[in-house]
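**Student:** Here the sequence shown is numbered in the numbering used here, starting from 5 and rising by one per residue.
Source of the hints: derived by calculation from the structure; they are not laboratory data.
Hints are supplied without guarantee of correctness; some may be wrong.
Said to hold, decoys possible - Pairwise CB distance ranges, derived in the manner of DEER restraints: (1) Ile47 to Arg156: 21 to 27 Å; (2) Lys210 to Val52: 25 to 31 Å; (3) Asp145 to Trp74: 15 to 21 Å; (4) Arg70 to Asp164: 49 to 55 Å; (5) Leu214 to Ile25: 23 to 29 Å; (6) Leu215 to Gln146: 42 to 48 Å; (7) Gln146 to Leu184: 21 to 27 Å; (8) Asp164 to Ile25: 24 to 30 Å; (9) Leu215 to Asp145: 24 to 30 Å; (10) Leu215 to Arg176: 32 to 38 Å; (11) Val169 to Val92: 24 to 30 Å; (12) Lys210 to Val92: 48 to 54 Å.
Beta carbons are placed, not taken as given, at the ideal position from N, Cα and C, and that holds for glycine.
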Amino acid sequence: MATTRKPQQRAEAERRWPVVIGIAVALAMYALLPTTFLPALRIGVVVVSAGILIALIFLNPARFQRETRWSRVLSGAQSLLLLAANQVALAQLIIQLIQAKHADGPLILLAALQVWVTNVIAFSVLYWELDRGGPVARRRDQRSELPRADFRFPQDEDHDAIDEVRAGSSSRSDWMPGYLDYLYFSATNSMAFSPTDTMPLSSRAKGLMLLESFTGFVILALVIARAVSLLGG
5 MATTRKPQQR AEAERRWPVV IGIAVALAMY ALLPTTFLPA LRIGVVVVSA GILIALIFLN
65 PARFQRETRW SRVLSGAQSL LLLAANQVAL AQLIIQLIQA KHADGPLILL AALQVWVTNV
125 IAFSVLYWEL DRGGPVARRR DQRSELPRAD FRFPQDEDHD AIDEVRAGSS SRSDWMPGYL
185 DYLYFSATNS MAFSPTDTMP LSSRAKGLML LESFTGFVIL ALVIARAVSL LGG
């Protein structure tokens, strides 16, 4: 039976600052890539993303309490724009790595780290936007009214654990994931190349995690390894 929220159990709206910091870090990492990484594209992506972020902050300055159709479209477009632009940067990184000389090793290694961090954050924002209707719906709507979950967190299945663990479960405490939960599992998925404590449930979630695992493998196992070999060559 689905668990519904009682009025006294309604989860508090999620805070704005964690995702703002995450997006700001991703934009900074992307903007500071070497000048050989299509500077016009990078400037355009950063300007557009920053503009969208400012507009969304005006709608919900401190907590995610309000949502409109355009805000959902803008927030989704922002995460997709950054993710797509970073995949272009990854392709450029591989090409430059193949053509790199020994002296380019440190620069390529730093660029690989920047692309990887941006990738983790971009995927985390997209997961956060998609799952269970997004950050506003997750905390505002009754569980019976939410769309089907894209991800299953440990708290979603702790209802039959020992008392101190069960107390924090979704069914007992009305727990809902926040941005930091999505950032954590995005990072672990990118490093482990597989689900860790959070499992994908929908086809789109599996497809996105597959793409992130693949790009993480390319960056960590191939790009960084090659850059390190250049440093020691």
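**Student:** Next, verify each hint and record whether it holds.
**Tutor:** So, going through the hints one by one against the coordinates:
1. Distance hint check for isoleucine 47 and arginine 156: the Cβ-Cβ separation is about 39 Å, which falls outside the suggested range of 21 to 27 Å.
2. Range check, lysine 210 to valine 52: Cβ separation about 29 Å, and the 25 to 31 Å hint holds.
3. Between aspartate 145 and tryptophan 74 the CB atoms are about 19 Å apart, so this pair conforms to the stated range of 15 to 21 Å.
4. One distance hint, 49 to 55 Å for the beta-carbon pair arginine 70 and aspartate 164, is violated here, with the actual separation near 36 Å.
5. Taking 23 to 29 Å as the suggested C-beta distance range, the pair leucine 214 and isoleucine 25 conforms, at roughly 27 Å.
6. Separated by about 32 Å at the C-beta atoms, leucine 215 and glutamine 146 break the suggested range of 42 to 48 Å.
7. The hinted window of 21 to 27 Å between glutamine 146 and leucine 184 holds, with their beta carbons roughly 24 Å apart.
8. Against the hinted window of 24 to 30 Å, the Cβ-Cβ separation of aspartate 164 and isoleucine 25 comes to about 36 Å, which falls outside the hint.
9. Checking the proposed 24 to 30 Å range against leucine 215 and aspartate 145 shows it holds: the Cβ atoms sit about 29 Å from each other.
10. For the pair leucine 215 and arginine 176, the supplied restraint of 32 to 38 Å holds, since their beta-carbon distance comes to about 34 Å.
11. Our hint of 24 to 30 Å for valine 169 and valine 92 is violated, since their Cβ atoms are close to 43 Å apart.
12. Roughly 24 Å separates the CB atoms of lysine 210 and valine 92, a value that falls outside the hinted 48 to 54 Å.
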